[in-house]
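Colleague: This is what each chain is made of:
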Amino acid sequence: MADLKTNIGGLELRNPVMTASGTFGYGLEFEDFVDLSRLGGIVVKGTTLNPREGNPYPRMAETAGGMLNCVGLQNKGVDYFCEQIYPRVKDMDTNVVVNVSGSSVEDYAECARRIGELENIPAIELNISCPNVRQGGMAFGVTAAGAASVVKAVRQAYPKTLIVKLSPNVTDVTEIARAVEAEGADAVSLINTLMGMAIDAERRRKVLSIGTGGLSGPAVKPVALRMVYQVARAVKIPVVGLGGIMTATDAVEFLLAGASAVEIGTANFIDPSVTVKVVEGIEAYLDRHGFRSVKDIIGILD
Amino acid sequence: MKKQILDLRITRAEEVGAQCVLLKAKPVEGRLPVCCPGQFAQLRVDAPDVFLRRPISIHDVEGDEISFLVQMVGEGTQWLGALQAGDTLNAVLPLGHGFTVQTGNEVALLVGGGVGVAPLLYLGKQLKANGIRPVYLLGARTKELLLRLDAFREVGEVFVTTEDGSMGEKGFVTQHSVLGCNENGEMETLPARVMVYTCGPKPMMNAVARLARERNLPCEVSLENRMACGVGACLCCVEETADGHNRCVCTEGPVFDASELKI
Ligand SMILES: Cc1cc2nc3c(=O)[nH]c(=O)nc-3n(C[C@H](O)[C@H](O)[C@H](O)COP(=O)(O)OP(=O)(O)OC[C@H]3O[C@@H](n4cnc5c(N)ncnc54)[C@H](O)[C@@H]3O)c2cc1C
Ligand SMILES: Cc1cc2nc3c(=O)[nH]c(=O)nc-3n(C[C@H](O)[C@H](O)[C@H](O)COP(=O)(O)O)c2cc1C
Ligand code: FES
Chain A
1 MADLKTNIGG
11 LELRNPVMTA
21 SGTFGYGLEF
31 EDFVDLSRLG
41 GIVVKGTTLN
51 PREGNPYPRM
61 AETAGGMLNC
71 VGLQNKGVDY
81 FCEQIYPRVK
91 DMDTNVVVNV
101 SGSSVEDYAE
111 CARRIGELEN
121 IPAIELNISC
131 PNVRQGGMAF
141 GVTAAGAASV
151 VKAVRQAYPK
161 TLIVKLSPNV
171 TDVTEIARAV
181 EAEGADAVSL
191 INTLMGMAID
201 AERRRKVLSI
211 GTGGLSGPAV
221 KPVALRMVYQ
231 VARAVKIPVV
241 GLGGIMTATD
251 AVEFLLAGAS
261 AVEIGTANFI
271 DPSVTVKVVE
281 GIEAYLDRHG
291 FRSVKDIIGI
301 LD
Chain B
1 MKKQILDLRI
11 TRAEEVGAQC
21 VLLKAKPVEG
31 RLPVCCPGQF
41 AQLRVDAPDV
51 FLRRPISIHD
61 VEGDEISFLV
71 QMVGEGTQWL
81 GALQAGDTLN
91 AVLPLGHGFT
101 VQTGNEVALL
111 VGGGVGVAPL
121 LYLGKQLKAN
131 GIRPVYLLGA
141 RTKELLLRLD
151 AFREVGEVFV
161 TTEDGSMGEK
171 GFVTQHSVLG
181 CNENGEMETL
191 PARVMVYTCG
201 PKPMMNAVAR
211 LARERNLPCE
221 VSLENRMACG
231 VGACLCCVEE
241 TADGHNRCVC
251 TEGPVFDASE
261 LKI
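Top line first, the protein sequences correspond to chains A and B.
With this note's numbering, letter number 28 in the first sequence gets 28, and the count goes up by one each step, no holes.
With this note's numbering, letter number 135 in the second sequence gets 135, and the count goes up by one each step, no holes.
Please keep in mind that the hints were generated in silico from the structure rather than gathered at the bench.
All figures in this text were calculated on a predicted structure; none of them were measured in a lab.
Possibly wrong hints are sitting among the right ones.
Unchecked claim - Chain A regions said to be covered by chain B (calculated; three or more residues, Cβ under 8 Å): (1) 25-32; (2) 46-57; (3) 267-278.
What the hints assert, rightly or not - Not everything, but these chain A residues come out facing chain B in the computed CB check (under 8 Å): (4) G22; (5) M60; (6) E62; (7) A64; (8) G65; (9) G66; (10) N69; (11) V71; (12) Q74; (13) V89; (14) A201.
Said to hold, decoys possible - Simulated crosslink set (EDC-like; lysine to aspartate or glutamate; CA at most 16 Å straight-line): (15) B/K2 / A/E181; (16) B/K2 / A/D32; (17) A/K76 / A/E53; (18) A/K236 / A/E181; (19) B/K26 / B/D87; (20) B/K128 / B/E157; (21) B/K125 / B/E65; (22) A/K160 / A/E119; (23) B/K2 / A/D35; (24) B/K262 / B/E239; (25) A/K76 / B/D243; (26) B/K24 / B/D87.
A virtual CB, placed ideally from N, CA and C, is assigned to each residue, including glycine.
Next up, chain A with everything else stripped away, as it sits in the complex (with noise of 0.2 Å):
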């Protein structure tokens, strides 16, 4: 049976399938259909300096192949991360990675700081892809020199491995990941939703509460793939690749691209144990193939 140790920076995992931030909870909601301890990582939900209430519902709506969410970041602020969910999450079996968002480059500094003091949380994920307030609400992560701001300051507050996610709403992603590499970041992940937008034609209204949002699912895979691709080819550092994976077949195609591992996210809605299957066929594909590490296929296209 094939190896499917693989690495992101200095994190091991024990296989390249983790969860996506915003889609799996903490993990425990899942508990009852997946057995954490089979998963390379689990990317909770995004974590602010202070708690937010999030966008005005309705906040989701469905598209061909996929989904389009305002959920706006709800949650209840990195002290109630540190002292709530911690505790629940600090023996799960597997890589658990905070994914920390923010409106301000110190805000961004502080929540990094304050998860890097927990133990057993061995990575952080930054979803750069927030607006900045200081910015008339422009996402940090649509400019190499916002991006640059961000991480700067995280690094030099957060020791661990830091992982930035890339917003795929920008021009060329591989200027952004490579302004984010020259800053420290350890790896990069990509990509996060699509900026869209829904209208309900019989009610001539906006369908989300504030009139657009992210889109993610299989509509969104061949854009993310792309992306991964080229991001691969312009930076040295690890690539985590996902958008639109719903089959182990979908995550082999970013590992070929170029993504020494994959999130899972809005399949989860779909089949709340997809990540296991995807584990197993991810194994399956490589023993079909004769490959005896999932390290064989990364970035091997020609």
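Since chain A is already given, all that's left is putting chain B with the ligands on it; use the hints.
Modeller: Just chain B with the ligands now, kept in the frame of chain A:
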């Protein structure tokens, strides 16, 4: 209560009224997990334009047989409505936080409108099993849209309103004479202390909850917010409650105490 992903086999599919179907199903393998009234299932729909599962209330449970009452309003529910005996249906269940069954009251008033009557059948049965007498007050726009009256009559006394007067009393559920009061403001037909449960269109539930509040009666409301995951992971389904916080309907609800909601 452990949640499961379960393949069900349809044992019976029956048209009910003009737009609804009653689906009965049993696990293909193994047993049905214990389900509480007011909980729901996330049903997998295998239609080309449907991506997410559809949340549907648990209408009834008899041994290992579960039933759903589905109103066909769009692509997903139409697919469910086309299922035939022998077909399989994948469900994630039981989900959510259901109705409070032990209340210490002798009588319960179950108020339903449209397909919102779905969770009230199993609720009535469980109340009865706990020595509480269920009284139904069911409303619809017109006679044809009243669902499963015979099944409800087997469980408890049934009062009916229709907006066009084609059956029962004419008007809205909250206008029914069974809720009528004497000069002292006491209900004449029902005891002074009843627990009220309601599920249906939001304006109806709001009216029922307001009436319960005016009369100081405990009231539980079942919400139908749009869902993605159904298991508390995505926070798409939230309801802004009276305390100003966005609460997760699929785990903290769908049933809430009316006093917690903005009504
Ligand atoms: C906890 C819960 C329990 C439910 N129980 C039942 C039940 O027992 N029986 C039953 O028939 N239905 C029930 N519903 C409603 C049911 O889930 C929806 O009708 C169904 O998802 C619609 O899917 P569709 O593909 O047929 O329609 P779609 O094509 O998705 O929608 C058809 C129309 O209905 C609107 N719509 C869809 N869902 C909602 C919603 N949740 N709120 C407001 N508008 C909506 C859409 O905007 C559209 O206009 C329940 C919902 C919840 C959340
Ligand atoms: C409901 C929902 C909430 C999300 N919340 C977050 C979040 O808090 N932080 C984040 O970085 N990404 C968030 N995402 C984006 C996902 O992690 C992922 O990048 C995206 O959905 C693409 O992957 P998928 O197609 O497999 O879902 C969210 C996605 C969804 C659908
Ligand atoms: S539907 Fe996902 S949290 Fe309720």
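Colleague: For every hint, state whether the structure bears it out.
Modeller: Results of checking the hints against the structure:
no., hint, result
1, 25-32, "holds (count 4)"
2, 46-57, "holds (count 4)"
3, 267-278, "holds (count 6)"
4, G22, "7 Å, holds"
5, M60, "4 Å, holds"
6, E62, "5 Å, holds"
7, A64, "7 Å, holds"
8, G65, "6 Å, holds"
9, G66, "6 Å, holds"
10, N69, "6 Å, holds"
11, V71, "5 Å, holds"
12, Q74, "5 Å, holds"
13, V89, "14 Å, violated"
14, A201, "14 Å, violated"
15, B/K2 / A/E181, "44 Å, violated"
16, B/K2 / A/D32, "6 Å, holds"
17, A/K76 / A/E53, "8 Å, holds"
18, A/K236 / A/E181, "8 Å, holds"
19, B/K26 / B/D87, "11 Å, holds"
20, B/K128 / B/E157, "12 Å, holds"
21, B/K125 / B/E65, "15 Å, holds"
22, A/K160 / A/E119, "10 Å, holds"
23, B/K2 / A/D35, "14 Å, holds"
24, B/K262 / B/E239, "9 Å, holds"
25, A/K76 / B/D243, "15 Å, holds"
26, B/K24 / B/D87, "11 Å, holds"
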